[in-house]
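First residue of the sequence shown? That's 170 in my numbering, and the numbers climb one at a time after it.
Derived from the structure by calculation, the hints contain no laboratory data.
Note that the structure is predicted; figures quoted are calculated from it, not measured.
Backbone N, C-alpha and C define an ideal beta-carbon position, used for all residues, glycine too.
One or more of the hints may lead you astray.
Stated by the list, open to error - Pair ranges (Cβ atoms, derived):
#: 1; residue 1: Cys213; residue 2: Gln242; range: 38 to 48 Å
#: 2; residue 1: Asp196; residue 2: Ala228; range: 18 to 28 Å
#: 3; residue 1: Thr210; residue 2: Val176; range: 16 to 26 Å
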Amino acid sequence: MSLDWPVVSDAASARALIAQVTARLQDERIEGFRAPPPEPTTCCGRGCNGCVWEGYFAAVHWWRADAQVLLTQA
């Protein structure tokens with residue numbers, strides 16, 4: 170099975186990736202994997218350096234990487 174995931178570049182792509190990874194984990198009957206990171210709720214929308222969305226996208230990346238390890242072992 171291919172583990173080619175879409176690139177996360179915005180909230181919509183992060184949601185799509187999380188849905189795709191979650192579905193794969195369920196298909197492989199992998200239980201107990203941690204929940205994906207929650208979406209930020211404190212963004213001011215000014216394009217700050219170090220925006221909460223940057224941290225969120227990084228957290229989604231690491232969540233995906235951890236899931237991928239489990240999926241390749243399944």
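Do the hints match the structure? See the list:
no. : hint                        : in the structure
1   : Cys213 x Gln242: 38 to 48 Å : holds (41 Å)
2   : Asp196 x Ala228: 18 to 28 Å : holds (23 Å)
3   : Thr210 x Val176: 16 to 26 Å : holds (24 Å)
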